[in-house]
Amino acid sequence: DTGVSQDPRHKITKRGQNVTFRCDPISEHNRLYWYRQTLGQGPEFLTYFQNEAQLEKSRLLSDRFSAERPKGSFSTLEIQRTEQGDSAMYLCASSPGASSGHRGSVYEQYFGPGTRLTVT
Amino acid sequence: GNSVTQMEGPVTLSEEAFLTINCTYTATGYPSLFWYVQYPGEGLQLLLKATKADDKGSNKGFEATYRKETTSFHLEKGSVQVSDSAVYFCALSPWGAQKLVFGQGTRLTINP
Numbered sequence: 001d002t003g004v005s006q007d008p009r010h011k012i013t014k015r016g017q018n019v020t021f022r023c024d025p026i027s028e029h030n031r032l033y034w035y036r037q038t039l040g041q042g043p044e045f046l047t048y049f050q051n052e053a054q055l056e057k058s059r060l061l062s063d064r065f066s067a068e069r070p071k072g073s074f075s076t077l078e079i080q081r082t083e084q085g086d087s088a089m090y091l092c093a094s095s096p097g098a099s100s101g102h103r104g105s106v107y108e109q110y111f112g113p114g115t116r117l118t119v120t
Numbered sequence: 001g002n003s004v005t006q007m008e009g010p011v012t013l014s015e016e017a018f019l020t021i022n023c024t025y026t027a028t029g030y031p032s033l034f035w036y037v038q039y040p041g042e043g044l045q046l047l048l049k050a051t052k053a054d055d056k057g058s059n060k061g062f063e064a065t066y067r068k069e070t071t072s073f074h075l076e077k078g079s080v081q082v083s084d085s086a087v088y089f090c091a092l093s094p095w096g097a098q099k100l101v102f103g104q105g106t107r108l109t110i111n112p
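Sequence lines, in order, name chains A and B.
Take 1 as the starting number for the first sequence in my numbering and just add one per residue.
Take 1 as the starting number for the second sequence in my numbering and just add one per residue.
Honestly, I wouldn't trust all of these hints.
Stated by the list, open to error - Derived list of chain A stretches under chain B, where covered just means 3 residues or more per stretch with a C-beta under 8 Å from a C-beta of chain B: (1) 34–43; (2) 108–119.
Unchecked claim - Over the 10 Å line for every Cβ pair with chain A, so calculated as not near, a few chain B residues: (3) E16; (4) F18; (5) A53.
Keep in mind the hints are simulated off the structure, nothing from the lab.
We put the beta carbon where it would ideally sit given N, CA and C, even for glycine.
Required output: the full structure, derived from the provided sequences and hints.
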């Protein structure tokens, strides 16, 4: 039984380039979340999916950011025209839905190891 | 709005000392409350939770009680160990919402 995985673990890119991160949630978890964490701060919510539907987006998620979860399994987060201010750790989490009956509390989010983005 | 304020760190203690990390929150309705821990080089892990007023969450010797009257969820441990050295995050999940709102984190170092 594997946890949440994220790929890549580290990404260095030049300003203006596009980057894409992948998150694979715990199997059969139907809820998936993206957060961003900058140095010395707590994670900040970006967006949330239930199955393939994106149900909530933070104001932090500018037009340059897009997230997808096309088949309700893995998710991708793309940042277009990266800026130095995008440098951060991008965290993915998953949780079971209220009706799933799967392991773990409906309230607990299980986090992946994160993708550290550095924009030079 | 929803927010979490944590005791500023870093906190340094000797082994077997008593630990308190303060956490207060602002929220509409009835949030669920959490403590997450991030050990060096590892991802965030849920330490404990409480979903309604007066609930006490506990795990690995840590405890926190959901106090609605003081809007607090302070983390305590009676005797800390070197292995407890980590960053601790208090968080809330607003009523009816799925997201977590985190505090800024408190770095704890335990010296032998």
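For each hint, the structure was consulted:
Beta-carbon proximity to chain B at under 8 Å applies to 5 residues in the region 34–43 of chain A; the threshold of 3 is reached and the given coverage holds. Restraint check on the region 108–119 of chain A versus chain B: 7 residues with Cβ-Cβ distances below 8 Å, three needed, restraint holds. Even its closest Cβ contact with chain A, about 28 Å, leaves E16(B) beyond 10 Å, as expected for a residue assigned away from the interface. Listed as a non-interface residue, F18(B) keeps its Cβ farther than 10 Å from every Cβ of chain A; the least gap is roughly 24 Å.
Its beta-carbon lying about 15 Å from the closest one in chain A, A53(B) satisfies the requirement of being farther than 10 Å from that chain.
When held up to the earlier numbered hints, the structure conflicts with none and fits them all.
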